[in-house]
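Enquirer: Letter by letter, the chains look like this.
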Amino acid sequence: DIQMTQSPSSLSASVGDRVTITCRASQNIINYLNWYQQKPGTAPNLLIYAASYLQRGVPSRFSGSGSGTDFTLTITSLQPEDFATYYCQQTYKTPTWTFGQGTKVEIK
Amino acid sequence: QVTLRESGPALVKPTQTLTLTCTFSGFSLTTSGMCVSWIRQPPGKALEWLALIDWTDDKYYSTSLKTRLTISKDTSKNQVVFTMTNMDPVDTGTYYCGRAVAHGYYYMDVWGKGTTVTVSS
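These protein sequence lines map, in sequence, to chains A and B.
Everything in the first sequence is counted per the working numbering, starting at 1 for the first residue and increasing by one.
Everything in the second sequence is counted per the working numbering, starting at 1 for the first residue and increasing by one.
Okay, chain A solo, but in the shape it has when bound:
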């Protein structure tokens, strides 16, 4: 199976900060990479699909980039509602999908 490694596992940031989360695949997944946000006690919510396409209704402060094995999720100006855990997911090896281990964004 393709392994997905996120870094960091957690981070502390302040409202207004620019936040970057990275996801590395164990092999080339082209751009078959999605990002989800999950808040405690709720289901994940799709933010970005195909590495860089913003899901409808998701604020434009979220963006995704990357291709091949290295990908990035960026939040340009962190808002109070953005404190959550973020997961990347590869869908290249369809459909033996895998998720990263998650990155928890906490309030500094």
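Hints are computed from structural coordinates only; laboratory data are not their basis.
We put the beta carbon where it would ideally sit given N, CA and C, even for glycine.
One thing to keep in mind: the hints can contain errors.
Calculated pairs, SDA-like style, for lysine to any residue (alpha carbon to alpha carbon, straight line, at most 20 Å) [said to hold, decoys possible]:
id: 1; chain 1: A; residue 1: Lys39; chain 2: A; residue 2: Gln6
id: 2; chain 1: B; residue 1: Lys45; chain 2: A; residue 2: Thr5
id: 3; chain 1: B; residue 1: Lys113; chain 2: A; residue 2: Glu81
id: 4; chain 1: B; residue 1: Lys113; chain 2: A; residue 2: Pro40
id: 5; chain 1: A; residue 1: Lys93; chain 2: B; residue 2: Met34
id: 6; chain 1: A; residue 1: Lys93; chain 2: B; residue 2: Ser64
id: 7; chain 1: B; residue 1: Lys77; chain 2: B; residue 2: Gly33
Negatives, chain B to chain A, calculated, CB over 12 Å [to be verified]:
id: 8; residue: Ser7
id: 9; residue: Gly8
id: 10; residue: Lys13
id: 11; residue: Leu18
id: 12; residue: Thr23
id: 13; residue: Ser28
id: 14; residue: Thr30
id: 15; residue: Thr67
id: 16; residue: Asp74
id: 17; residue: Thr75
id: 18; residue: Ser76
id: 19; residue: Lys77
id: 20; residue: Thr83
id: 21; residue: Thr85
id: 22; residue: Met87
id: 23; residue: Ser121
Once you've looked at the hints, dock chain B against the given chain A.
Expert: Structure of chain B alone, referenced to chain A:
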């Protein structure tokens, strides 16, 4: 509006079979590109993909769990049924179903709220 809802037992005993039902509305599993997938999440841990069924009735399973999993659909009821055999306490967690879209890329755009399953004697 697309919605999905998971239902099933909250508690199962070790070695028993878990059966969960995903009831959905707002789309059809006979429409090209539509799929339903199951994901689980142990308490405090990461998401784990389990299974997927698509509009052609093709079925796919997690490599590590495939001997224990079955997924099927009833298009007349707009339901997907998921079973996992030989349950163990490590299978405790929240189980989600979600719509997966296959339009060149695959992604899960709508999720159910999840159902919590505890495996204990």
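Enquirer: Next step is simple, just say for each hint if it's right about the structure.
Expert: The hints, checked one at a time:
| no. | hint | verdict |
| --- | --- | --- |
| 1 | Lys39/A / Gln6/A | holds, 18 Å |
| 2 | Lys45/B / Thr5/A | holds, 14 Å |
| 3 | Lys113/B / Glu81/A | holds, 19 Å |
| 4 | Lys113/B / Pro40/A | holds, 12 Å |
| 5 | Lys93/A / Met34/B | holds, 18 Å |
| 6 | Lys93/A / Ser64/B | holds, 15 Å |
| 7 | Lys77/B / Gly33/B | holds, 19 Å |
| 8 | Ser7 | holds, 15 Å |
| 9 | Gly8 | holds, 16 Å |
| 10 | Lys13 | holds, 26 Å |
| 11 | Leu18 | holds, 19 Å |
| 12 | Thr23 | holds, 15 Å |
| 13 | Ser28 | holds, 19 Å |
| 14 | Thr30 | holds, 18 Å |
| 15 | Thr67 | holds, 15 Å |
| 16 | Asp74 | holds, 21 Å |
| 17 | Thr75 | holds, 19 Å |
| 18 | Ser76 | holds, 24 Å |
| 19 | Lys77 | holds, 22 Å |
| 20 | Thr83 | holds, 18 Å |
| 21 | Thr85 | holds, 20 Å |
| 22 | Met87 | holds, 22 Å |
| 23 | Ser121 | holds, 27 Å |
The structure is consistent with each of the numbered hints, conforming to all of them.
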